[in-house]
Amino acid sequence: METDKLLLYTGVMALVTYLIRMLPLALIRKKIESPLIRSFLYYVPYAVLAAMILPDILYATRSFWSAAAALAVGAGLALRGQKLIVVAIFACLTVFVAELLLGIKL
Amino acid sequence: MNHRTTNHKKDFFQGLQDGIPVGLGYLSVSFSFGVMAVNMGLPVWSAVLISLSNVTSAGQFAGIGLMAAGAPLVEMVLTQLVINIRYSLMSMSLSQKADKTLTSLHRFLVAFMITDEIFALASQREGQVSRYYMYGVGLIPVASWTLGTFLGAAAGGLMPEALRSALNVALYAMFIAIILPPARHSRPVMLVVLLAGAGSCFMRYAPVVSRLSSGFAMILCAVAAAFVAAMRYPVEEVEHGDR
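Here the protein sequences line up with chains A and B, keeping their order. Counting in numbering that gives the first Met the number 0, the first sequence runs from 0 upward without gaps. Counting in numbering that gives the first Met the number 0, the second sequence runs from 0 upward without gaps.
Calculated directly from the structure, the hints in this document are not laboratory data. What you are looking at is a predicted structure, and each value in this text was computed from that prediction instead of being measured. Ideal Cβ placement from N, Cα and C applies to all residues, glycine included. Be careful, since some hints might not be right.
Part of the chain B face toward chain A, derived, beta carbon under 10 Å [unchecked claim]:
#	residue
1	13
2	77
3	115
4	161
5	198
6	204
7	207
8	208
9	211
10	232
Within a straight-line C-alpha distance of at most 25 Å, the following computed PhoX-like cross-link-like pairs (lysine-lysine) qualify [said to hold, decoys possible]:
#	chain 1	residue 1	chain 2	residue 2
11	B	99	A	29
12	B	96	B	9
13	B	96	A	30
Required output: the full structure, derived from the provided sequences and hints.
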């Protein structure tokens, strides 16, 4: 593909993505007063992240089962209030070990 | 609430530190992106430029597909819009968390780094976030997103599969670590998490709705779950809880 075409596509992609991110942050300068919207925005992070984890995490690794094991281990640790880094490391280790046990090659 | 210089530094370094695990997770995902971009016939520099200028996963994967297919620009615009519209929800949420140090100029700059993970980290901060924290937290992930793409594009296939598979789960594990501890102490938050998770699975597996793009489906679930909770449990009482 020619260079200018690559640049054009890349520029369009980047611009659209940037505007989506920038406009609300730049335009909403005041504290929103409406209790309903405030409540809504309070819950948004949890809702967005939960919808992003499920069911995608189950397909993030080379086997459904290694991913499911990581989900269980991660959720268990998080529910016990473990730190982010601990949860992340143990979830990764779980995948690694599970895939060894399942006999998936390195 | 005025931060002093020491607080600025502290915010920045706290951000840097928080960004390290995200950076590690990004290395593996962007590595895959680099490999895929080159496989689709893009030059290495172009893959790196896409990562540096977009800093988004799903949008980029879809984007290079369209580029390789020579799709019209309109299709590129619409695809990015649908896949990435979730960022506007995050950006809106961040606008309520931004403190005074986030002046217009800095909002323009910081907005560039709003990814799922960086948003997640910013939202779990107690109280408001400063621009110092935002720059700190964005720096390592954006750098490693770009670096990983370069490594994948230039030297794809050198990273063992088992390692990539294990690292791929890291970002999801982070999300889990962010949403579940507060959910333990707050019924409304737990409700939101369960509703959104269940809704998202429904959208993936149920007939008809599973044909919606994943970005759009995610927005629908998140908006619905947050809205239900907002109606049932208005936030006054939880406002000072751990956020």
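Against the structure, the hints:
no. : hint            : result
1   : 13              : violated, 13 Å
2   : 77              : holds, 9 Å
3   : 115             : holds, 6 Å
4   : 161             : holds, 4 Å
5   : 198             : holds, 7 Å
6   : 204             : holds, 8 Å
7   : 207             : violated, 17 Å
8   : 208             : violated, 13 Å
9   : 211             : violated, 13 Å
10  : 232             : holds, 7 Å
11  : 99(B) <-> 29(A) : holds, 11 Å
12  : 96(B) <-> 9(B)  : holds, 18 Å
13  : 96(B) <-> 30(A) : holds, 9 Å
Comparing the model with each numbered hint stated earlier shows that hints 1, 7, 8, 9 do not hold.
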